[in-house]
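Chains A and B are the protein sequences, given in the same order.
Sequential numbering from 1 applies to the first sequence in our numbering.
Sequential numbering from 1001 applies to the second sequence in our numbering.
Misleading hints may appear alongside valid ones.
What the hints assert, rightly or not - Using 25 Å as the maximum straight-line C-alpha spacing, the simulated PhoX-like pairs for lysine-lysine come out as follows:
#1 B:K1010 to A:K406
#2 A:K307 to A:K70
#3 A:K46 to A:K233
#4 A:K408 to B:K1002
#5 A:K35 to A:K233
#6 B:K1066 to A:K394
#7 A:K310 to A:K322
#8 A:K270 to A:K150
#9 A:K290 to A:K339
#10 A:K46 to A:K150
#11 A:K171 to A:K271
#12 A:K399 to B:K1066
Treat the hints as calculated values from the structure; they're not laboratory data.
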Amino acid sequence: MRTGLKVLFVLASVLIAVTVFSKDTVLVWFAGTDKSLVDCVDRLIKDFEKRNPDIDVEVEFIPWGELSVKLTTAFAGGIGPDIFMHGQAAVAGFVENGVLMPLDNHLDAFEDIKDFGDVIETGRYKGNLYFIPIYGTGRLLAYRTDLFEKAGLDPTEPPMTWEQLKEYAIKLTEWEGNRMKVAGIDLEVPSQQVWGTFFVSNGGEFFNERFEPTFNSPQGIEALEYYTDLVRKYRVYPEAGLTKVANLDPIIAGTAAMAFVTAETMAAAKKYAPDVYEKIRLSFPPARVKRATFYSFGGFMISKSTKNPKATVRVLSFLTSKSSIAEISYVLGGIPARKSAINDPRFGSDPVISMFIEGMKYAFWNPNVPFWTRARDILSQYIERAVRGTMSPKEALDKAVEEVRKLK
Amino acid sequence: MKTAILLNRKIARAALAFVLPVLVYNIVFRIYPIAYAFYLSLTRFSGFGDPRFIGFINFQELFVDKDFWSSMIRTLQFSAAVLPANMLLSLLLALLINRKMFGISLVRAVCYLPVITPMVAASVIWMWIYDPNVGILNFVLNLFGVGPVNFLGNPSTALYSIAVMRVWRGIGWNMIVYLAGLQSIPKELYEAASIDGATSAKRFSKITLPLLGPVHVYILLVGFASTLQTFTEVYVMTQGGPISSTMVVGLLIYKTAFDYMNIGYASAMSFVVGSVIMLTSILALSRRKDVAL
Chain A
1 MRTGLKVLFV LASVLIAVTV FSKDTVLVWF AGTDKSLVDC VDRLIKDFEK RNPDIDVEVE
61 FIPWGELSVK LTTAFAGGIG PDIFMHGQAA VAGFVENGVL MPLDNHLDAF EDIKDFGDVI
121 ETGRYKGNLY FIPIYGTGRL LAYRTDLFEK AGLDPTEPPM TWEQLKEYAI KLTEWEGNRM
181 KVAGIDLEVP SQQVWGTFFV SNGGEFFNER FEPTFNSPQG IEALEYYTDL VRKYRVYPEA
241 GLTKVANLDP IIAGTAAMAF VTAETMAAAK KYAPDVYEKI RLSFPPARVK RATFYSFGGF
301 MISKSTKNPK ATVRVLSFLT SKSSIAEISY VLGGIPARKS AINDPRFGSD PVISMFIEGM
361 KYAFWNPNVP FWTRARDILS QYIERAVRGT MSPKEALDKA VEEVRKLK
Chain B
1001 MKTAILLNRK IARAALAFVL PVLVYNIVFR IYPIAYAFYL SLTRFSGFGD PRFIGFINFQ
1061 ELFVDKDFWS SMIRTLQFSA AVLPANMLLS LLLALLINRK MFGISLVRAV CYLPVITPMV
1121 AASVIWMWIY DPNVGILNFV LNLFGVGPVN FLGNPSTALY SIAVMRVWRG IGWNMIVYLA
1181 GLQSIPKELY EAASIDGATS AKRFSKITLP LLGPVHVYIL LVGFASTLQT FTEVYVMTQG
1241 GPISSTMVVG LLIYKTAFDY MNIGYASAMS FVVGSVIMLT SILALSRRKD VAL
């Protein structure tokens, strides 16, 4: 009898100990496997766990290219993460598939949510917030001062309008026989991002509030005519496209004089071609009706199937705090999603990053529609057809809209 | 009698023990996934939540899906470009190395090297070769005043440029298969033909080619199945572009499943492609019973 009581006592003690000392586990998937990111996150998580001993954070790093496949298979297998990083363009699709937990009821848990400014809207879909942006990548007009001088252009006066951009691009294009030696501008056909910059600056919108595609509007057609003319009429960009040279973008390699570049391109120039980096200047993209530039954001979402919503929100709150966003953005070379980051000397003292942070005021981003990935591919394909002259800009956009409508 | 039954049982148990691992492996990793994929092809499934059974609607939609059929035709074009060149060149190489001469082992190893090169690495190397600015191919063309040609950026050349790379990569394996076929042809046949005055061309056309028949069928079937599943090189080199000119069916299935999150529809596509491979194989095998499988 006494032995039985002893066993019972030990079992009860173990049970109490397990209950009292057990931790909530939160699994976080980070996109990217860069060592600096791994080290940074490791440091951040250790700090969080020290301050929150009741939460155990498990972190996995997934290469960007494998992220969609791994998320799909993990969620299908019921072993998905509680928090995961992804691009903003995926939000609507995830919501429609019932994957994401709305964050609206937990906004108080996040540090100074107003600090995100309009960028927080990237994560809103059908009125609810599902995504907190961490860092972004934008596109600003970059130009080579040496090639400007060679073409007799003033490097302190970048093109500010569509007309100027066209004139400058014509002057900057260099030929060697029938071969284009230097393209006036890198238009990155068939990227819909560069065409989108012209489209949105012309007052266009990709979709209306009912998710009807509207990019075949007069603004869209005019933007595509301009874009196509740059290639076919003014021949400032080769019809077959520009390729990277030894993994360096054409503007760094000197095969393009102007380009819409990201902060990553500038970082690559600084690292691999510092002499060229000194000759590249940035400006905001030329305006038509307004000034606009494409930005995309990576950030965090919470899975609807998270078993510990409270603990998960606490972890997300920490990961999206001012200091965490600054740390993560810094190691990734991205543009921090919070406006206050400009006060961080690591960003504020960097003229390139400062300019990208400033450029966020002109930002537009991928539309929050659930079929955007497919719509984007269709749009890119028809933009390319127009540029290659197999369709007129109007035909191409009408056809693209017709196909995208079927996706609804 | 009783001893015989016991012995048979013992043998059966031992046989089962040997067969069981393969059986379990095939059920878990082959039969179950195929059966489950077939089930998914009858559902609307994004990968999240539960699949919703919809019967044969995916197959009905697939039947009128012009993107799918144009990618199928493109894939068949790719097969038609790769297979004849691959078979011809690998047979020629096999004939070349089927002789005793100094350094032949090195030649064989060099010819086989592309087979063991990972597809991603091979694709990146060929992207450099084709590069219009710094690629060696354009450098050579430039010496003759041609180019530069943007092989992978032009819709009329992109698919065939990838086909060339694929031929290069597949030759080594087929060469070894042909070599094995050549070495299995009895020497006496050639000796007898020589005594009868047959020229080397006659010996090749009347002995070598017909006796390699089963090997041809094997290489053709395996090659056809393999080219229909083409994915990695297209994914790395062109992502299906320009203007979908390299959007082969394997890449379309991947994009449908994981970019567009339509796993049910992608499964239906996989089943159609799988059926084409299976029907072709059955048709080919029913005509030749002596295929070297």
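Verification of the supplied hints:
1. B:K1010 to A:K406: violated (64 Å)
2. A:K307 to A:K70: holds (20 Å)
3. A:K46 to A:K233: violated (58 Å)
4. A:K408 to B:K1002: Distance ~72 Å between A:K408 and B:K1002 Cα, so the pair is violated.
5. A:K35 to A:K233: violated (46 Å)
6. B:K1066 to A:K394: With a Cα-Cα distance of about 22 Å, the restraint between B:K1066 and A:K394 holds, given a limit of 25 Å.
7. A:K310 to A:K322: holds (20 Å)
8. A:K270 to A:K150: Since the Cα atoms of A:K270 and A:K150 sit roughly 22 Å apart, the hinted pair holds (cutoff 25 Å).
9. A:K290 to A:K339: Given pair A:K290, A:K339 holds - Cα atoms ~22 Å apart, limit 25 Å.
10. A:K46 to A:K150: Violated: A:K46 and A:K150 sit about 54 Å apart, past 25 Å.
11. A:K171 to A:K271: Answer violated: A:K171 to A:K271 is near 29 Å, above 25 Å.
12. A:K399 to B:K1066: Judged against 25 Å, a Cα distance of about 14 Å means the pair holds.
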